[in-house]
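Chains as they are written, first to last, in numbering that gives the first Met the number 0: chain G, 0 to 848; chain W, 0 to 335.
If you are wondering where the hints come from, they were derived from the structure by calculation, not from laboratory data.
Beta carbons are placed, not taken as given, at the ideal position from N, Cα and C, and that holds for glycine.
Be aware that a few hints might be false.
Here are the simulated SDA-like cross-link-like pairs (lysine to any residue), alpha carbons at most 25 Å apart as the crow flies [to be verified]:
| hint | chain 1 | residue 1 | chain 2 | residue 2 |
| --- | --- | --- | --- | --- |
| 1 | G | Lys786 | W | Gly195 |
| 2 | W | Lys25 | W | Glu41 |
| 3 | W | Lys106 | G | Gln670 |
| 4 | W | Lys106 | G | Arg715 |
| 5 | G | Lys786 | W | Arg270 |
| 6 | G | Lys786 | W | His262 |
| 7 | G | Lys225 | G | Asp425 |
| 8 | W | Lys106 | G | Gly716 |
| 9 | W | Lys49 | W | Ala88 |
| 10 | G | Lys225 | G | Glu146 |
| 11 | G | Lys225 | G | Asp426 |
| 12 | W | Lys106 | G | Ala409 |
| 13 | W | Lys106 | G | Phe667 |
| 14 | G | Lys225 | G | Ala409 |
| 15 | W | Lys124 | W | Glu77 |
| 16 | G | Lys225 | G | Arg411 |
| 17 | G | Lys786 | W | Arg286 |
| 18 | G | Lys786 | W | Gly272 |
| 19 | G | Lys786 | W | Glu41 |
| 20 | W | Lys106 | G | Ala713 |
| 21 | W | Lys106 | G | Asp425 |
| 22 | G | Lys108 | G | Glu146 |
| 23 | W | Lys106 | G | Thr720 |
| 24 | W | Lys106 | G | Val671 |
Listing some non-contacts, in silico: residues in chain W with all C-beta distances to chain G over 10 Å [what the hints assert, rightly or not]:
| hint | residue |
| --- | --- |
| 25 | Leu28 |
| 26 | Gly55 |
| 27 | Ala57 |
| 28 | Glu77 |
| 29 | Gly78 |
| 30 | Gly107 |
| 31 | Gly115 |
| 32 | Lys124 |
| 33 | Pro147 |
| 34 | Pro214 |
| 35 | Arg217 |
| 36 | Asp237 |
| 37 | His262 |
| 38 | Ala266 |
| 39 | Arg270 |
| 40 | Ile277 |
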Amino acid sequence: MAETDLPGLREADVRAYLDEVITPVETGWAPHRNLFRVYRLPADCTADEVDSALTSIPALWGTTELREHTRAVERLRRGHPIAARTLGDPRERSVHRTAVAAERTALAKVVDQFLRSAPGMPAAAVTALVRQSAGRWSRPDVLAALEQHRAVEREPTSLDIPPDTPQSRRITDALADLGIPSLWEYLTRNLSSAGPDVHADALRRRRVHLRTRRGAGVEAEVTVLKIVEQALEEPEGLSQLLRHEFLTELSVAVLLGYQEVSFLAAAEPQRSVASGLPRDPDTLAYAVWCRRTHRSDWESDYRQAVADGRLHAALGVLSSRQLTGDWERVRDALAATVDRLAADLTAARELEDTAPEDAAARYLAAGRELTDPAITSGLHRCPAMAPAEVSAQVHHDAIVVTWQESTSTAGRLTYRVSRGGTVIADDTDALALSDVPPFGVPTSYTVQTLRNGVPGGTAHSGEVVLAPEVLDLVVESTMLSVHGRWRLPPGAVGASVTRIAPSGDTAEITTLDGTGFDDTAVLPGVQYRYLVRARYPGRAGEPEDSAGLTVHGECPGNPRQVDDLRAGLSGDTVELTWTRQSGTPLVIRVPHDGVAPAPQVLRAADAVVAGRVVAVSDTGRASVPLSDLAGQRVLVPVSVSGPLAAIGPATRVTPPLEPVSGLHARRFGPQVVLTWQWPMWATDVRVVWRLDGPPSGPLDPQATAFEISRSAYAGRGARITATLPGEHWFGVSVVDSGRFGPMVTVCSTRLREVRYSVRRAAWWRRGELLVTVHGPEPAPDIAVVAKSGSRPLTPEDGVEVLRLPALGPSEPVRFRVPRHLRRPVFLRAFSLDETVALTHPAPHLLVVP
Amino acid sequence: MRAPTWNVPTRRVPACPYCHTRTPAKAYLRQCASRCGETAIEFPVSAARKGECPHGRAPMARRVCPACGQAVPREYVEGHPKVVVVVGAEGSGKSTWLASVIRRVAKGHLDDRFPGMSLDVLGEKSRLRHERDRVLVAETVLHRTTGPEPLLVSLRVRPRARAVVIAFHDSADGTAESLAHADGLVLAVEPRTMPGDAGIARLADAVRAARGLRPDHRISLPLAVVLTKLDTVWDMLDPGSPLLRTVPRTAGYAVSDGVDVHHETAAWLGRWGKADLIRGAHTAFRRHRCFAATALGDRADGRREPVPYRVEDPLLWLLAEFGALPTFRGAERTSS
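Work out the full structure: start from the sequences and follow the hints.
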């Protein structure tokens, strides 16, 4: 506030004087601390200005507006003589000016300490500062100091600060385990790409993803997900969690100064929105700053105590203060609740001996509202019942522990499972689990019931021993011995082997360093069972054996021939059956040339003489696609035993012989192209043909014949040159290894060709033409047809200009083309006998230009 | 049998089969082989010294058209290339006929008439197209649109004879450029289509326009009118029809058989309402001939391989017209 020389004060000036001088003086400010302000003088005032002010200002004190402030005006009047002396003397005025400036500087330092770069102070803080200065500084002084620091008196926005809840503390712990600084970062990093929009689907997907993983980090993340899921189910639940977390971070930043708070608030605007806080970072930062710097914290103490269930403490906070009307009602309601809960605890204490489950239920009900050591001790006095029965059984390479549910009903019942002194599951609500204890050692399990985490009764299982079997057990046979090999499981010290003959006789077999055996006391062709059991040291020197694995071993004897191989057709597949021989697979071979070797026993490597392999089976049956036979029909059974093989009697596939269908003959001059559809099984056909009558069969001695394969037919077709005129009969029958199927016939007629010629007559017979029929054979009836523009295609397609009878003259016959036919005129001679075709050696001569 | 008549081919500047720019053989470019690496260049044929590139290595055999930059086979540039334009309505069987005749000659199916006749497809593009068309003919009868690239082949009638290089341009209407440089035309006509001239008038106008001829000028280019898909009308033909007769085994083009087939085909076309086609061909083209063929044959019996019939006749006639094949007036018929 600048001191100005205003001899006459207007109404506004009077109000300003009231604020700057009268009110501070009334509240304890000493006027002599700044006489320039009291007399509204500038710091560099002149003597005339001082004289004028010393006259006009005291007159002001007597005005109606100021006169009522009696105490302040009296104080001013009393100090006026000293003020007049101080201001009137230039030296003292200079000293006073220096003192006023020093005060300003001191106040500026104080205000700077309060602000710490903040943009303002709330009015309460200003008032408190003035009050704390005990009259040294007035409110105008403080406001001036604020202005000097470019700050203003400003009220912060109110914030809804959620209390610290168990959920927020658990989530903080879990995030600390995960190494993630905040829930906000976890959500944005793992569950959502757009900040706060977290959906239940994303949570489910994440939990499914975590289901396949193990580890402390996974458990911590599952905890986070559970809490977030619960928060999502409540309105504004997740927002409260985020708000508490964000405000906590901002409050910590207050310790580092306002700039740090402002930077943090402006860093993530989406976080402010998601937390339900003001979007403007300056507003948010100033509100948090003022809350931590200038506000009493009894409200948060109260809220924290209620959130923690410390109702007695909360009631103490409210009872120790002077409260407004609303808060008084809160205090009264809280006192009633505390009394009710105290009565419940008393009732529960009385029920402990007679009805412990009811007592526990009452304790738990009270515990939902109140945190009290009496509740915990009460629950310890009312333990949950132990599980009725615990059983432990070996299942594969683990032990499965199961127990029956406790008969207790109150509270959340879970179980703690331990093996010896080792807890293997805690606070689980399952009724079974699997465990892998040390191998070969008797083990028992203890299951203890927990009621809301408070230990209850325990039950024990019987002893059980986990003894896994040997690993990778294989048995191989040679001609004289059986060899077994395996690996010992961890903890095993050896193995025992027992041979069991088909008669039931047993014998112990010595093992080689516990990982194999060589049994030479076996008979060829006899199948033995071997029981291999892993051995463990056990307890107190008594070894424990596993239940054992059984394998079969047999020294092969000479292979036995399969003499009952049968083949049948089923669609495109050959179905093979035979009497199965134990332990000896049967190899089906197809000879390359269709000739099967004689039954014999030979070296396995020489079995290739029976052809290529098309099937291997030891089940007594096999299926072979017909295409795999590649046209062959002979199948040879070869049984292999060790280095020997036995070739049995071959069998033959006999496909049905069906006739071809759609047989058709198309003639191209002397050539006939036969076409037909092949039956499914057919691979070859025999084509026979003869003149003037159908063939009597595929082996007709008077017919010409050839065989054509299916592939050759597909490639080039069936073409036959049948040049003689007359009816050519063609027969086609499927042939398979010398057998013939039904024959299908078709006829194609080769016309008899007769040549004719047309030429000009002698020059003096102008316009006449000569037609001559050549050849030794008798000529048919002939009609010569003429047509304008194009060749006649039929005898009716033009004008008949000449007709020659069948037994007509062999001499040239003259004829004339009618003049009315437009040139060029095309001539053509047609045979009127359908068995004869006429040809002209030079067709260009048939055109009359 | 008369002695065969030969026409001596005249050398002329070949036109690029892709851009149809006439460039002297020596003005074509050659390319360095891949061994020259990044220093590989293109250089004029005349710049090659002792057949080597400027880096002293053997260059690639193919030439490069200086106008369009397309690779052109050496045989095409140095030979006597003939341009045959195959036209016809969509689905009329142009490409199938062309693929069939190329396949038939290349696989030696004409050895009984022309011992030692061989055919090579020239250039990578032509080989790719031939392979595609070969599959088209061998595996399916569905027609499809072919590209504008020509099919370049080198055909030798006898083992030591001079090769005839032919560029087949196959398109529905024929491009103006290809018609301007054509040495022969093939018009594919499908039987039993709508009556009309089968595009002969439009084709004649296009040829005249491309060559700058008067509207009433009779075109001297040989035109082969091919009646395709003969197998679909086999049952209509008389058993004595020349269209069902065995092809004469002459070592050249049998004129009598060709005329017989021509008259028979023209008569059938006239009966099927295509008299305008015959009349238009006679009016506009000085040399023309009708043929009947089937490229696939009747495959209803399930055979995999096609059975073409008389597909080579148009090509043999064109070769005879080009002077690359002897002609025989009479026909040598097989003995019955």
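Violated hints, by number in ascending order, as checked against the structure
9, 10, 12, 19, 21, 36, 37, 38, 39, 40
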